[in-house]
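All chains, please: the whole structure from these sequences, using the hints.
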Amino acid sequence: MAATSSNAQPCGPKPACGPQGDNTDDVGAAFLALLGIVGTVVGLIALAIKAEAMTVLPILGIAGPGIGAIGLGAVAGAGLIVATTFAFLYDRCLRDPDGREPSCSAGVINNIVPAFDSGMSYLFPFVAQHDMVGVVVKCVYWPLVQLQAANVVCSASQDQSPVIRSYYENKAVCAAAWGSAIGAVVGGIGGIVLGILAGAALGCAGTGPFYIFCLLIACLIAAIVAAACAIAGAFIGGNIAHAAAGDTSPSADGGNVLQDGDYVTTEGKTIINGGDDNARVYWFVNHTTLHGRSTIGSGPFRSHTDPDAHLTDDACPREPSGGPPNQPK
Amino acid sequence: MPALFALARALFGKLSLCALAGGIVGAVAGFLFGLVLPLCLPSTLTLPDVLKAGIVLGLAGWLLVLMVIGMWLRYGVAAIAAPALVNALLTGVLTVAFNYLAQFPAAATLIGIVIGIFVGSVLCRFFCGRVDRNGKADDGRH
Chain A
291 MAATSSNAQP CGPKPACGPQ GDNTDDVGAA FLALLGIVGT VVGLIALAIK
341 AEAMTVLPIL GIAGPGIGAI GLGAVAGAGL IVATTFAFLY DRCLRDPDGR
391 EPSCSAGVIN NIVPAFDSGM SYLFPFVAQH DMVGVVVKCV YWPLVQLQAA
441 NVVCSASQDQ SPVIRSYYEN KAVCAAAWGS AIGAVVGGIG GIVLGILAGA
491 ALGCAGTGPF YIFCLLIACL IAAIVAAACA IAGAFIGGNI AHAAAGDTSP
541 SADGGNVLQD GDYVTTEGKT IINGGDDNAR VYWFVNHTTL HGRSTIGSGP
591 FRSHTDPDAH LTDDACPREP SGGPPNQPK
Chain B
33 MPALFALARA LFGKLSLCAL AGGIVGAVAG FLFGLVLPLC LPSTLTLPDV
83 LKAGIVLGLA GWLLVLMVIG MWLRYGVAAI AAPALVNALL TGVLTVAFNY
133 LAQFPAAATL IGIVIGIFVG SVLCRFFCGR VDRNGKADDG RH
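The listed protein sequences correspond, in order, to chains A and B.
Those letters in the first sequence? Residues 291 to 619, by the numbering used here.
Those letters in the second sequence? Residues 33 to 174, by the numbering used here.
Honestly, the hints are just simulated from the structure, not real lab data.
Check each hint, because a few of them may be wrong.
Simulated restraints on C-beta separations [unchecked claim]:
(1) A/Glu391 / B/Phe158: 35 to 41 Å
(2) B/Leu79 / A/Thr345: 28 to 34 Å
(3) A/Cys301 / B/Phe136: 16 to 22 Å
(4) B/Lys46 / A/Asp537: 44 to 50 Å
(5) A/Gly351 / B/Ile87: 33 to 39 Å
(6) B/Lys46 / A/Glu391: 22 to 28 Å
(7) A/Ser588 / B/Val154: 39 to 45 Å
(8) A/Ile586 / B/Pro34: 43 to 49 Å
(9) A/Ile586 / B/Lys46: 37 to 43 Å
(10) B/Pro34 / A/Ala306: 29 to 35 Å
(11) A/Thr585 / B/Phe158: 57 to 63 Å
No residue lacks a Cβ here, since even glycine has one placed at the ideal position from N, Cα and C.
Right, dumping it as structure tokens:
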């Protein structure tokens, strides 16, 4: 790819930092939708079979007052977790987002968040996100950062320089997500049985408010036990798959592992990502050119003035006239 | 799954974090109360009973919110725990009360979601600051 002329253009107006209005995380919105769907469908089934009045479960043969309601509570608890692991799997690995734009930008790395960066990624492997490299871009790339975006992420520097989050595909993330989803199914099936047994163990009987409360608690316990078993299955399956797949670090084309302070040019498709409050992000970076290392400041406090001054020749293609970098329309 | 995400984005894509939390609590409270609602004739429960049921279900929903929004979506448990508790208790009680009055178990979950979103939106508008992931907007967590 052809590089490059000097980019001595003056900076345009700096984009406003932060989200413009409320934006719900895609997975959060999907989770609420799943709750609504699972709750309504299971509620309709409960009505149809008069679950609250059932005393024997036909399949498992477990008996007790209100056992139908307890069973459906367990099914809903496990089903919700299973569906959620698949929602994360879809979000991380299976979706083909609309509006992918071939893009190129350059700047200095402000921060790096590895895929498995905390205990949370091991406790709930399905929530692990791909490796993210935050790049404070040169000001000529500000139009890309704000292209159709409802959020502009900025560095913590005094001038709050715009950052483009650049995701590097990590196969271990998808392996962990698949492992979690399969583990959740297996754990959830066992969890339904355990949940029903746990709920039935309360031995609710009688009539009136006390019975209603007891049955309510029994349904709650059944749902929690079933969900906990599904999560345990996701934990085991996800970590086994993660270990089998190995882990990678985001690296430049030559194989050098990227570090805070590196000057880079990134190329790949960009999207508006719900998981980043609808900021424009790389999903994923295909090529990274390393240009050296900054000696000014430290992450996450980097300023665009650093790459503007010290990364004059980046690797993005330019208009023949030597004008601004090519960007999607 | 693409249809689910499209539906979710269309229905809930512009919710505030408080409204999302309220919706989750309302769904949990509505669903579980809906399972026993057919047993509740209009005169079975007294006001204290409704309050107790709402508080129990609100607490259950609060724990789910801490796990989903605090841990899975990485907003941080400590950052959301206190405001989410107020949101959850109010949503839990109102969801049980409205469902008890409505006596319509098939719609109990949806009623809960609507109430939760309303309560969350009102609370967010008047009482909450913005909560960013892990408490900071610029640390690049995801």
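Hints and how they fare:
1. A/Glu391 / B/Phe158: 35 to 41 Å: Holds, since A/Glu391 and B/Phe158 (Cβ atoms, about 39 Å apart) stay within the stated range.
2. B/Leu79 / A/Thr345: 28 to 34 Å: At roughly 31 Å between Cβ atoms, A/Thr345 and B/Leu79 fall inside 28 to 34 Å, so the hint holds.
3. A/Cys301 / B/Phe136: 16 to 22 Å: Taking Cβ atoms as reference, A/Cys301 and B/Phe136 lie about 59 Å apart, which means the hint is violated.
4. B/Lys46 / A/Asp537: 44 to 50 Å: Violated: the Cβ-Cβ distance is about 36 Å, outside 44 to 50 Å.
5. A/Gly351 / B/Ile87: 33 to 39 Å: This hint holds: roughly 35 Å between Cβ atoms.
6. B/Lys46 / A/Glu391: 22 to 28 Å: 23 Å, holds
7. A/Ser588 / B/Val154: 39 to 45 Å: 42 Å, holds
8. A/Ile586 / B/Pro34: 43 to 49 Å: 44 Å, holds
9. A/Ile586 / B/Lys46: 37 to 43 Å: 39 Å, holds
10. B/Pro34 / A/Ala306: 29 to 35 Å: Roughly 32 Å apart at Cβ, these two residues keep to the hinted range, so it holds.
11. A/Thr585 / B/Phe158: 57 to 63 Å: With a Cβ separation near 48 Å, A/Thr585 and B/Phe158 fall outside 57 to 63 Å, so the hint is violated.
Checked against the numbered hints given earlier, this structure breaks hints 3, 4 and 11; the rest are met.
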